[in-house]
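*Asks:* For reference, the chains in residue letters:
There are 2 protein chains.
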Amino acid sequence: MNTSEFREFGKSAVDYIADYLDNIRDKKVISSKKPGFLQNKLTKSTPINGDPWQDVMRDVDQLIVPGLSHWQSPNFHAFFPTSNSYPGIVGELMCAGLGAVAKDWISNPACVELEVKMMDWLAKLLDLPKEFLNSSEGPGGGVIQNAASESTLVAVLSGMARSVKNEQILNPHRSEAEIKSKLVTYTSLHSNCSVEKAGLLASAPMRLLATDKHNRLRGHTLEEAIRKDREQGFIPCCVVATLGTTGTCSFDNLEEIGLICRRENIFLHVDAAYAGAAFVCPEYRHYMKGVDYVDTFSFNPHKWMLVNSDCSAMWFRDTSEFSEAYRVQKSMPETEIQPHKEVYGIDIENWQIPNIRRFRALKLWFVLRTYGVQGLRKHIRDQCSLAEYFTELLKVDDRFEVLNSVMGLVCFRVMGDDSVTRKLLEKISERRNLFLTPYTHEDRMLIRFVICSPFTQKEDIKYAWNEIVSTLNLILDVERIKG
Amino acid sequence: MNTSEFREFGKSAVDYIADYLDNIRDKKVISSKKPGFLQNKLTKSTPINGDPWQDVMRDVDQLIVPGLSHWQSPNFHAFFPTSNSYPGIVGELMCAGLGAVAKDWISNPACVELEVKMMDWLAKLLDLPKEFLNSSEGPGGGVIQNAASESTLVAVLSGMARSVKNEQILNPHRSEAEIKSKLVTYTSLHSNCSVEKAGLLASAPMRLLATDKHNRLRGHTLEEAIRKDREQGFIPCCVVATLGTTGTCSFDNLEEIGLICRRENIFLHVDAAYAGAAFVCPEYRHYMKGVDYVDTFSFNPHKWMLVNSDCSAMWFRDTSEFSEAYRVQKSMPETEIQPHKEVYGIDIENWQIPNIRRFRALKLWFVLRTYGVQGLRKHIRDQCSLAEYFTELLKVDDRFEVLNSVMGLVCFRVMGDDSVTRKLLEKISERRNLFLTPYTHEDRMLIRFVICSPFTQKEDIKYAWNEIVSTLNLILDVERIKG
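These protein sequences, in sequence, are chains A and B.
Each residue of the first sequence is one higher than the last, beginning at 1 in the numbering used here.
Each residue of the second sequence is one higher than the last, beginning at 1 in the numbering used here.
The hints are simulated quantities; they were obtained by calculation from the structure and are not laboratory data.
It is possible that some hints are incorrect.
Just so you know, same-sequence chains aren't split out, so a pair can sit in one copy or run between any two.
What the hints assert, rightly or not - DSS-like cross-link-like pairs, simulated, lysine-lysine; straight-line CA separation at most 27 Å: (1) K289 x K213; (2) K165 x K182; (3) K27 x K11; (4) K124 x K34; (5) K378 x K395; (6) K395 x K427; (7) K41 x K130; (8) K462 x K11; (9) K33 x K44.
Note that the structure is predicted; figures quoted are calculated from it, not measured.
Using the sequences and the hints given, assemble the complete structure.
*Replies:* Written out as structure tokens, the structure reads:
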């Protein structure tokens with residue numbers, strides 16, 4: 001393929017995307033394909049000779065898009081949002097087109113410096129502690145990770161390293177392996193499953209602690225768990241608190257937890273994957289109370305801040321807790337002209353798991369520059385007010401109860417036992433006009449309704465409401481006839 | 001921004017990329033910017049009001065691109081290639097534009113099924129063992145990971161899980177934590193630094209074993225290391241063999257290593273991050289001899305197979321060794337309409353660290369479809385023949401010695417002690433017309449020359465050769481005058 005074909009191909013893809021997004025309301029949000037639908041539509045192996053790009057684009061349209069569940073559809077209210085925005089898309093395109101990844105500074109100065117700067121922009125935008133800034137005097141800093149799962153794993157590993165170090169000061173004869181076999185970590189029962197997985201991956205068992213009735217982890221529960229573990233010879237090393245849980249967007253009591261972690265010298269990570277984006281609005285920042293106790297903080301601009309996946313932001317109070325502990329002895333082939341930490345002062349390549357970073361900072365910059373602070377606040381506030389509007393609709397109909405309505409997430413159920421709520425969700429999912437997901441709270445089933453797509457408007461909420469009510473009416477009619 | 005602005009913005013980015021790549025020879029391959037160059041060029045924080053996209057694109061051109069080291073330049077011969085190709089770029093654009101990620105099957109059927117299929121295409125393309133295919137009857141399968149670092153970490157964790165399981169069968173009273181504190185892993189001194197890091201991250205110390213004089217790990221060295229460790233009560237759990245080391249593109253003796261791993265029931269992972277792409281050509285497959293002993297195998301299509309970063313391919317002989325060991329107890333909010341493993345038979349979301357996958361399979365498909373088997377083979381063979389051409393040029397000039405010339409990598413030095421070689425690399429780097437990196441082999445410094453860019457032609461090799469020779473002449477002239 002030569003450049004002029006690429007111009008044609010690329011522009012046709014831009015038009016395809018624009019048309020796809022313009023007409024996304026016309027598509028059933030959940031694909032109605034059956035498992036295995038694609039397997040026989042594609043050849044068994046790579047074609048011997050290459051096909052023209054036009055054939056590939058035709059197959060995208062005929063084979064792939066009908067098999068999508070449409071995460072950008074205004075009728076997608078499942079899980080949490082996965083961002084896309086026009087500037088985010090073009091940012092990703094530019095990242096791919098320049099094809100320039102980075103290791104250390106000299107391997108790609110613009111990539112490293114833009115990421116360092118963007119993480120400062122983002123920290124200021126959320127009003128995070130000054131110690132987290134790359135431009136701060138101290139050892140703090142921020143970096144883009146691949147996913148919240150990765151940020152959490154890096155945090156847990158940092159906490160483990162701190163505990164090993166501290167324990168070896170107190171008991172110099174204890175081996176690292178022996179100490180590590182005693183490490184335990186904590187989170188709430190309602191944190192994302194990736195938190196439990198981080199404990200498994202790091203071999204630092206993650207205790208899933210009970211919450212109060214609002215799904216919040218409280219200080220006294222943590223305190224009691226730590227006490228019991230210490231009694232049994234375990235070494236508590238890390239707490240992962242959640243601001244905005246996946247199930248019900250609940251907020252752990254960070255201030256209570258932080259005080260305990262400070263007192264016990266336990267590493268404290270905050271997973272604010274979804275809700276972090278809302279902290280661009282001052283009115284939501286009260287949820288962050290206690291953030292001054294936090295060692296690492298992560299949120300995903302690729303969830304609710306219009307930056308295309310992947311882009312998980314992570315800040316450290318002291319980056320060396322990770323970078324020093326997991327620094328390899330041998331070196332990659334190094335350039336001789338390398339201005340390293342000594343020169344540039346920042347070694348972000350050691351704050352992550354892989355060697356190499358993509359130029360993800362570009363799309364973050366594209367979004368922050370073109371939206372500006374006001375545009376981002378408007379996005380969050382518009383989405384929250386759509387959730388409020390949906391909540392109002394629910395409250396008018398006394399067959400429903402609203403269990404929770406926080407930011408862009410509304411949790412509701414049908415009054416009575418779970419059977420009707422379950423049937424309602426099943427029927428809605430079968431109809432494929434709305435994508436909703438369930439959660440269980442205090443042994444009762446609830447339905448999560450999340451404002452996900454940036455295209456969702458008030459009309460779409462009305463549409464969803466009508467779909468829910470008419471489905472419920474159908475179910476109740478059938479039951480009445482049966483009865 | 002509305003759709004029509006996006007069309008304009010996106011197409012202008014396509015043109016920018018085409019122009020950038022068309023004119024990439026005109027740019028110094030290493031940026032001549034000084035550390036900190038970008039910090040004062042950008043505002044201190046996010047602008048209050050958004051800027052027009054035209055301003056952002058202007059700043060890309062004036063601030064970012066001059067600060068790049070140009071990984072796609074035909075004069076970039078450092079590290080290893082990081083792929084980009086026109087179909088790969090458009091694939092990444094489509095992935096961003098559709099904005100559809102995947103968890104389990106129903107969350108995005110096309111994304112899951114295309115990835116499953118593409119990994120089979122790729123496995124067949126490299127002639128990997130049939131047990132690795134997703135379509136095989138057994139428990140094997142392949143999945144796209146973020147980076148080779150991540151693939152290696154997943155492999156090491158799988159090996160740890162197997163050893164814990166086996167050990168607990170033999171010694172039911174031994175706790176998991178106690179067993180884990182005894183686990184050790186092995187690789188060669190010349191494996192990529194991410195392998196050593198995987199051991200650190202997983203708390204399974206990675207022994208860096210000596211190699212033969214061709215930088216290959218041999219069976220007897222591994223055997224001896226295992227014996228010593230067992231004597232001291234350690235439990236050998238995983239070996240990471242490299243096919244195509246970063247320094248000199250050396251190949252561990254997989255057959256010898258495999259036999260020992262099989263006998264000792266030790267998990268065996270292959271890191272073929274760079275060289276794996278060459279196995280599309282049958283003439284390179286002899287390097288894979290012994291692959292039938294391998295438990296997991298990884299290579300990076302985003303290195304040398306024209307698929308834009310990130311795309312690291314990883315296959316398992318038995319996916320359950322990872323997925324079962326690191327399966328979380330609690331669940332994400334699940335949909336009720338979910339055809340899970342029982343229905344579709346493949347749960348790729350459990351073969352990786354994060355919860356979510358991007359639709360990376362799209363760009364892999366775009367590349368495989370448009371190049372075809374023949375196009376990919378031509379790409380590899382063309383690049384290898386450029387390396388051979390460079391080797392011939394070196395051999396004619398008796399001031400140089402060639403230490404190694406394998407696939408797209410040539411390792412050379414100036415005869416005599418290291419001082420002239422070192423000066424040569426320093427001078428070349430200062431001039432910024434070529435990007436080369438050093439390595440140390442048997443206490444002697446060598447210069448690595450890698451064919452990286454898909455745009456590199458014979459004329460570019462001549463240019464590089466002239467640059468090297470003229471720089472060497474200058475250095476020798478100066479020495480002569482001094483002398």
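*Asks:* If a hint holds in the structure, say so; if it doesn't, say that too.
*Replies:* Here is how each hint holds up against the structure:
Proximity of K289 to K213 under the C-alpha cut-off of 27 Å is restricted to the intra-copy arrangement: shortest distance 20 Å within a copy versus 59 Å between copies. Taking the shortest Cα distances, K165 and K182 sit within 27 Å of each other both inside one copy (14 Å) and across copies (19 Å). For the homomeric pair K27 and K11, the shortest alpha-carbon distances inside one copy (23 Å) and between copies (26 Å) are both at most 27 Å. In the homo-oligomer, the alpha carbons of K124 and K34 lie at most 27 Å apart only across protomers (26 Å), although the nearest pairing inside one protomer, at 47 Å, exceeds that limit.
For a Cα distance limit of 27 Å, the shortest separation of K378 from K395 inside one copy, 25 Å, qualifies, whereas the shortest one across copies, 65 Å, does not. For the homomeric pair K395 and K427, the shortest alpha-carbon distance inside one copy (22 Å) is at most 27 Å, but the shortest distance between copies (74 Å) is not. Taking the shortest alpha-carbon separations for K41 and K130, only the inter-copy value of 21 Å comes in at or below 27 Å, while the best intra-copy value is 54 Å. Taking the shortest alpha-carbon separations for K462 and K11, neither the intra-copy value of 35 Å nor the inter-copy value of 35 Å comes in at or below 27 Å.
Taking the closest pair of Cα atoms, K33 and K44 come within 27 Å of each other only inside a single copy of the chain (20 Å); across copies the shortest separation is 49 Å, beyond that limit.
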